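K.L.:
All chains should be built: construct the whole structure from the sequences, respecting the hints.
Those protein sequence lines, which keep their order, are chains A and B.
With numbering that gives the first Met the number 0, letter number 93 in the first sequence gets 92, and the count goes up by one each step, no holes.
With numbering that gives the first Met the number 0, letter number 467 in the second sequence gets 466, and the count goes up by one each step, no holes.
In short, the hints are calculated from the structure, not lab data.
For clarity, every value in this text was computed on a predicted model and none was experimentally measured.
It is possible that some hints are incorrect.
What the hints assert, rightly or not - Derived pair list, reagent style DSBU-like, types lysine-lysine, alpha-carbon separation capped at 30 Å:
#1 B/K132 x A/K320
#2 B/K117 x A/K335
#3 A/K114 x B/K351
#4 A/K188 x A/K271
#5 B/K188 x B/K573
#6 A/K187 x A/K575
#7 B/K122 x A/K336
#8 A/K17 x B/K390
#9 A/K17 x B/K55
Protein chains: 2
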Amino acid sequence: MQNRAIIENVTPNIEGGKYYIKRTPNETIEITAHIFGDGHDEVNARILYKSAKQKKWQTSHLYHIANDEWIGNIAFEYEGMYSFTIEAWIDHALDWLIGIRKKILANVDVKVELKIGKEHLSKIMKLAGAKDKVLIKSYIHKIDDVNEYEVAIKAMNDIVLERIIKQYQLAEFSTKHDVEQLIKVENKKATFSTWYEFFTRSASKEIGKHGTFKDCEKVLPFVADLGFDVLYFPPIHPIGNNFRKGKNNSTTAKPGEPGSPWAIGSPDGGHKAINKELGTLADFKMLVSKAKSLNIDIAMDIAFQASQDHPYVKEHPEWFKWRPDGTVQYAENPPKKYQDVLPFNFESNDWKGLWNELLSVVMYWIEQGVTIFRVDNPHTKPFVFWEWLIKEVNKKYNNIFFLSEAFTRPKIMAKLAKIGFTQSYSYFTWRVTKSEIIGYMNELTQSELREYFRPNFWPNTPDILPFHLHNKGYAASAMRFVLAATLSSNYGMYGPVFDLLETESFNGKEEYNNSEKYEIRNWDWTTMTPMRKLIKLMNAIRNKYEAFQTTYNIEFVDNDNPMLLSFIKHANDKSKSLFIVINLDDNFKQSGHTKFDAEKFAKKAGIVKVNDLLNGESYDWKTDWNYVELDPQILPAHIFEIL
Amino acid sequence: MQNRAIIENVTPNIEGGKYYIKRTPNETIEITAHIFGDGHDEVNARILYKSAKQKKWQTSHLYHIANDEWIGNIAFEYEGMYSFTIEAWIDHALDWLIGIRKKILANVDVKVELKIGKEHLSKIMKLAGAKDKVLIKSYIHKIDDVNEYEVAIKAMNDIVLERIIKQYQLAEFSTKHDVEQLIKVENKKATFSTWYEFFTRSASKEIGKHGTFKDCEKVLPFVADLGFDVLYFPPIHPIGNNFRKGKNNSTTAKPGEPGSPWAIGSPDGGHKAINKELGTLADFKMLVSKAKSLNIDIAMDIAFQASQDHPYVKEHPEWFKWRPDGTVQYAENPPKKYQDVLPFNFESNDWKGLWNELLSVVMYWIEQGVTIFRVDNPHTKPFVFWEWLIKEVNKKYNNIFFLSEAFTRPKIMAKLAKIGFTQSYSYFTWRVTKSEIIGYMNELTQSELREYFRPNFWPNTPDILPFHLHNKGYAASAMRFVLAATLSSNYGMYGPVFDLLETESFNGKEEYNNSEKYEIRNWDWTTMTPMRKLIKLMNAIRNKYEAFQTTYNIEFVDNDNPMLLSFIKHANDKSKSLFIVINLDDNFKQSGHTKFDAEKFAKKAGIVKVNDLLNGESYDWKTDWNYVELDPQILPAHIFEIL
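P.N.:
Spelled out as structure tokens, the structure:
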């Protein structure tokens with residue numbers, strides 16, 4: 000117990016290191032800690048890190064800021080699991096150097112101190128490289144030469160000596176922090192992805208006809224042309240017949256109505272089966288493969304629930320709850336009943352059997368080529384289950400992504416991200432005003448959420464037509480789209496409904512009228528409307544400009560109009576950072592002055608040319624404040640590169 | 000893994016439960032946690048707690064506030080070690096009751112739900128007391144009676160049924176939080192103590208004569224009369240001869256100068272010996288015993304360092320650092336040298352031997368009757384050492400108190416408190432302005448420090464005559480005294496210097512001129528000066544009014560004068576809470592209006608009589624704002640009881 004350094008309050012620390020922090024290659028991890036020792040001796044500290052495959056720690060610098068608070072950074076070039084911790088110690092060599100310099104300055108005789116220094120240098124010699132060994136020897140020589148005291152004390156102020164003493168850390172009697180925080184480095188797509196959702200059954204060009212995977216293949220070039228790289232389908236499994244829902248969520252389906260795809264399971268099969276109206280497994284695999292050739296990943300829906308005629312109900316009655324009258328327990332929100340959906344009973348005595356079966360569903364589809372899962376309502380199944388399932392998948396496969404579709408309370412959404420979901424739906428859908436947007440972005444990027452919660456911004460979903468889009472046109476949708484695509488590196492839309500500007504609500508609720516959830520729709524998959532042109536252009540900009548490929552590089556900027564949102568998206572190469580202004584008013588033209596600091600873009604203060612990537616127009620801007628004006632009918636935003 | 004509840008972010012949590020939180024009997028612990036489950040079922044949770052001697056947990060309520068945040072309280076009647084954790088579960092019985100009530104309200108048939116309720120009630124029956132068993136049976140009877148459906152559904156709204164379901168917690172498939180946070184409940188004196196410090200060698204009435212323990216005995220009634228219950232002496236051990244310090248810290252002592260008591264050790268002995276000029280061990284034990292009879296604990300100084308002629312230097316050279324020229328390493332702050340003091344080398348290969356010897360010093364004095372130690376500069380010895388030492392002492396003895404004399408950086412002071420020091424010197428000595436005082440009090444009482452850091456407020460010490468007391472008189476000292484004695488339940492003063500208003504500094508530094516640290520002084524131990532009268536009265540008030548016996552019950556109150564500090568000290572019986580106003584200006588009379596809310600003192604809004612405990616004057620105060628005026632030459636503060 001000769002160790003004297005104390006390490007406290009290390010961040011990031013996700014529940015004591017229990018959950019990993021998430022990064023993609025070269026994304027920085029900022030590490031802070033409180034570090035101090037007893038007495039007045041110099042303390043030193045460093046970051047220790049390694050990949051799961053390595054045994055030996057590598058080191059990285061930590062710097063003392065103030066008040067015993069230290070800071071450092073690490074980043075990883077390659078995907079994989081890593082961990083870091085912190086090591087601290089009393090740095091006697093550095094302490095000696097600082098002390099002898101002070102004494103020399105005060106004209107104190109330091110003959111004995113020089114000899115002490117020799118002891119430190121001899122130890123450091125063992126760690127040093129060949130060139131530095133020569134240098135160290137020369138210092139020892141000067142110390143040893145009793146006739147050259149003046150030379151020796153002059154050498155004590157050498158910057159080279161200081162460099163050597165700081166570089167080779169003896170770290171004697173060091174303290175190692177007792178938490179090893181895990182880090183998962185995943186494929187860049189975990190942080191930068193562009194999602195499009197449509198219902199496979201609406202892919203046919205023929206009105207009223209049930210679409211097929213073959214029809215979907217024909218839509219792929221359209222999706223690719225718009226610039227999306229994830230295509231997400233609602234469930235493709237057989238749909239229950241009992242208690243099937245009809246048009247607009249009616250509790251009785253008319254003959255021929257297709258039902259909700261989330262009412263999974265019929266005599267034809269369950270979660271591993273395919274709705275035969277869509278085609279065969281072979282068709283599906285062909286679709287997945289053709290999508291991949293267009294750089295599109297097919298994301299599959301995972302909805303762990305069953306219709307009343309799912310084969311599980313008969314084969315595994317123990318996985319459901321049964322009522323005293325012998326009927327099966329359906330989903331409820333008293334007094335509302337959802338008889339088309341049976342939740343699994345995770346408190347079942349056969350919870351193990353249930354867990355294994357559900358894992359096998361995910362594994363099955365991975366084996367068919369699926370790498371991305373959009374998980375339906377994960378917050379209605381136990382957290383311990385998801386934690387286990389994702390861990391099991393990760394044991395066998397890398398870069399399988401799970402998007403958490405949980406629109407629920409903040410701590411629950413955060414927990415799902417902690418236990419392993421790759422990305423998460425977010426509150427963006429309902430963040431409308433400037434202060435709401437800035438507050439939410441700060442929460443996502445400046446709080447602990449930054450370490451593990453990767454938001455995915457959606458202006459709409461099949462379940463949500465938010466009030467602010469009701470009965471609106473191009474301007475509102477364009478604004479919400481540009482917000483999603485610029486604020487978040489992961490975003491998505493439930494299309495053609497969205498890009499064709501369908502905004503009619505069902506009875507004034509936040510739901511779509513004539514929702515595709517309950518019926519087959521037909522869509523124009525070809526016309527390049529203004530909205531689609533905007534989407535295509537925006538996605539091209541996102542792909543070209545690194546600044547849009549992470550969410551955590553945002554800096555909001557002052558302006559003088561509450562309806563205008565100004566922000567910088569920083570790039571590592573500052574000259575490629577972008578300046579964005581969005582009009583939050585979808586009714587009226589808004590203008591105002593926005594602050595601008597050229598130096599943040601590696602430009603000299605003065606006048607620079609800014610070029611709008613959306614409409615190609617250029618302006619001369621000065622460091623300070625600049626006038627902007629946006630007409631929502633024409634242009635929802637400026638996205639300026641600084642020339 | 001059928002458990003579905005999640006428990007996160009439990010507070011208090013001192014570094015993952017590693018360090019205990021500190022309380023005295025009946026001092027409340029407020030516990031908070033984030034708790035939630037999957038799905039929409041009702042979640043329930045409770046505090047589990049037990050003493051170190053118990054195996055079985057006892058339970059206490061937790062309440063949901065908002066946003067999945069829960070809160071509860073526990074307190075312990077008896078001293079000892081305890082721990083707490085939290086348990087949470089899906090409360091199916093409560094969920095059922097809430098559900099069936101909603102369905103009944105919506106006129107849904109609940110015959111099946113009644114049968115489900117019977118299942119829950121049958122389980123609860125097993126936990127219930129005899130009387131409640133009868134009640135539960137009556138509900139089951141109503142459910143079973145198929146002819147009385149209306150009676151049964153009416154009974155579902157009974158408050159008694161709700162009470163039963165909430166009272167007997169099935170806690171099936173519960174989650175237990177993985178941290179068991181330790182709690183140490185100590186004697187009330189840990190939180191409420193009143194310290195007086197003097198130099199034993201200055202206790203003689205004869206001018207220039209070295210005081211003795213016998214002389215100290217004669218001073219005891221004076222100290223008791225002023226109302227102090229801890230009497231702290233600087234070290235009483237033999238003082239080094241080599242490099243002895245002279246008057247005013249001169250590096251050479253003249254013949255006959257006594258030296259600094261902190262330069263411990265001479266050929267006469269070390270840390271277990273007594274300076275023979277003070278008397279014998281028997282004299283010391285007699286003094287301790289006579290003090291106890293006056294309800295005064297003698298606090299002993301523990302300064303783990305040695306003079307150059309301490310026996311350890313020869314007997315255990317391995318416990319010191321040696322320089323290449325064969326001399327021993329003394330304390331330094333380059334280029335300053337402190338040759339009269341040798342620090343121990345805790346990095347010694349024989350650190351074990353050193354630790355054991357130092358522990359034996361503490362144990363030795365405990366065996367002589369000492370129960371309180373004021374530890375000199377604990378931050379210059381390793382934290383791991385103190386943690387171990389205090390733990391070892393606690394294995395054998397209860398209620399041995401350690402006061403940490405660390406005036407250093409905030410994280411270091413906090414760490415010493417965490418690892419076991421009972422009380423800590425504080426920054427109060429330098430907190431002067433209203434905002435400094437309020438800010439510091441909030442830090443001490445509202446941050447995590449409240450759990451383990453018990454501040455002790457000192458207006459002065461032998462090492463510190465703060466600038467704001469330089470060359471001041473009664474008014475300044477009285478104000479600083481009243482601040483210490485009202486803001487903090489633990490306070491102390493270095494007397495007679497303080498109570499006799501000696502405020503001459505040495506060369507304008509924050510040090511006393513002619514400091515007792517280096518010479519023998521003589522004091523008037525009898526005259527009841529105005530300052531001493533104030534001290535006696537204030538200590539009597541502190542002893543009488545519970546509101547002054549804890550530090551954590553403070554609430555600052557608005558007033559309209561930055562030189563006036565207003566606050567409430569809350570008592571459990573609100574009518575005994577006190578209202579304090581202190582004039583922070585020691586030069587001028589200050590007046591203003593201070594806010595006052597009679598309801599906080601369990602009085603009806605309107606006019607109440609307030610009675611100043613310091614001068615006996617009464618005023619009629621109204622709820623709202625009231626005029627106050629304080630002349631520092633006459634009265635430093637109002638301490639109002641509300642009649």
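K.L.:
Checking one constraint from the list: CA of A/K187 to CA of A/K575, max 30 Å. Satisfied?
P.N.:
Judged against 30 Å, a Cα distance of about 19 Å means the pair holds.
K.L.:
Does the structure keep B/K117 and A/K335 at a Cα separation of 30 Å or less?
P.N.:
holds (22 Å)
K.L.:
Are the Cα atoms of A/K17 and B/K55 separated by 30 Å or less?
P.N.:
holds (28 Å)
K.L.:
B/K132 and A/K320: Cα distance at most 30 Å?
P.N.:
The given pair, whose Cα atoms are some 28 Å apart, holds under the 30 Å limit.
K.L.:
Need the status of pair B/K188, B/K573: alpha-carbon distance at most 30 Å?
P.N.:
OK: B/K188 and B/K573 at ~23 Å, within 30 Å.
K.L.:
Run the distance test for A/K17 versus B/K390: straight-line Cα separation, threshold 30 Å.
P.N.:
holds (29 Å)
K.L.:
Below or equal to 30 Å on CA atoms is what counts here, so check A/K188 against A/K271.
P.N.:
Holds, at about 26 Å.
K.L.:
Decide if the proposed pair is consistent with the structure: A/K114 and B/K351, CA atoms, cutoff 30 Å inclusive.
P.N.:
Holds, at about 28 Å.
K.L.:
Please work out if B/K122 and A/K336 have their alpha carbons no farther apart than 30 Å.
P.N.:
With a Cα-Cα distance of about 27 Å, the restraint between B/K122 and A/K336 holds, given a limit of 30 Å.
Every hint, counting from the list given before, is met by this structure.
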